[in-house]
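K.L.:
Build the full structure now, drawing on both the sequences and the hints.
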Amino acid sequence: MKKTVYLTRKAEFSASHVYHNPAFSPEQNRAVFGKCNNPNGHGHNYVLEVTVKGEVDPRTGFVLDLKQLKDVLHQEVLEAFDHRHLNLEVPEFKNLIPTTENIAIATWKRLAPKLKVGSLHRVRVYETPDLFVDFYGEE
Amino acid sequence: MKAYLTRRYQFSASHRLHNESMTEAENRATYGKCNNPYGHGHNYALEVTVSGQVDGQTGMVCNLIDLDGLVQREVIERYDHSNLNCLPEFSGKVPTTENLCVQIYQQLQEFPLAHLEKIKLEETMMNSFEYGDSDVRH
Numbered sequence: 001m002k003k004t005v006y007l008t009r010k011a012e013f014s015a016s017h018v019y020h021n022p023a024f025s026p027e028q029n030r031a032v033f034g035k036c037n038n039p040n041g042h043g044h045n046y047v048l049e050v051t052v053k054g055e056v057d058p059r060t061g062f063v064l065d066l067k068q069l070k071d072v073l074h075q076e077v078l079e080a081f082d083h084r085h086l087n088l089e090v091p092e093f094k095n096l097i098p099t100t101e102n103i104a105i106a107t108w109k110r111l112a113p114k115l116k117v118g119s120l121h122r123v124r125v126y127e128t129p130d131l132f133v134d135f136y137g138e139e
Numbered sequence: 001m002k003a004y005l006t007r008r009y010q011f012s013a014s015h016r017l018h019n020e021s022m023t024e025a026e027n028r029a030t031y032g033k034c035n036n037p038y039g040h041g042h043n044y045a046l047e048v049t050v051s052g053q054v055d056g057q058t059g060m061v062c063n064l065i066d067l068d069g070l071v072q073r074e075v076i077e078r079y080d081h082s083n084l085n086c087l088p089e090f091s092g093k094v095p096t097t098e099n100l101c102v103q104i105y106q107q108l109q110e111f112p113l114a115h116l117e118k119i120k121l122e123e124t125m126m127n128s129f130e131y132g133d134s135d136v137r138h
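Protein chains in written order, with my numbering: chain A, 1 to 139; chain B, 1 to 138.
Bear in mind the hints are in silico, worked out from the structure with no lab data behind them. Note that beta-carbon positions come from the ideal geometry of N, C-alpha and C, so glycine has one too.
Pair ranges (Cβ atoms, derived):
1) P112(B) x T128(A): 20 to 30 angstroms
2) G32(B) x L88(A): 56 to 66 angstroms
3) L66(A) x G32(B): 38 to 48 angstroms
P.N.:
Now the structure itself:
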């Protein structure tokens with residue numbers, strides 16, 4: 001019988017961002033986003049956990065080749081996010097506030113179509129050790 | 001799109017695990033060192049997970065200020081540096097971390113801005129308890 005196993009790979013990136021909605025007044029922006037609305041931005045060391053679900057290949061004993069997952073994660077996400085200003089340098093966040101929620105969703109959309117083996121189960125993004133968001137691809 | 005947001009908090013409290021309906025010997029056999037008559041304490045770590053649609057205007061499931069405020073009022077102010085056995089919710093109920101976890105879930109359930117998914121309560125680095133929706137994701 002084939003067995004489903006969940007494999008998680010961690011990665012880190014550091015980036016800056018600002019929370020600001022141009023449709024809000026300056027007062028509304030400050031009230032909703034607080035310190036995160038500081039116009040010059042601020043940054044975090046984000047920790048990413050990507051969980052892939054799949055059956056264990058009886059020949060290799062792997063769900064998928066970790067090296068391949070690491071490469072996809074690097075090319076599709078870390079290259080784009082690490083040491084960047086998310087609002088200014090990442091296309092998804094040109095008109096979308098780069099909250100931890102939206103970073104998790106953007107990471108999912110970048111990774112899901114690139115996985116050749118297994119399926120993406122969860123993307124977890126830690127903004128700080130005390131705050132993280134999980135996204136499972138749900139509408 | 002639906003996302004799950006988790007926030008971690010800490011509080012410190014003391015308790016004694018002792019059931020009045022058991023004999024002294026049964027209490028000692030059941031609770032071991034936790035039955036020490038003078039109690040003992042822990043630094044509890046609490047994880048609160050809420051879920052909801054990510055708001056198009058704010059990019060958030062809910063505003064952290066609101067969640068932090070609720071947890072501060074309902075949990076931290078109530079339990080931090082307290083003796084759990086002296087609180088009314090543990091009158092006649094043993095303040096195990098299981099019972100405290102369920103109690104905290106009930107106290108936070110009325111959060112109007114997102115759906116409370118689950119509570120995870122770590123008593124020490126070595127053991128933790130979770131309570132929430134029946135189909136809660138781990």
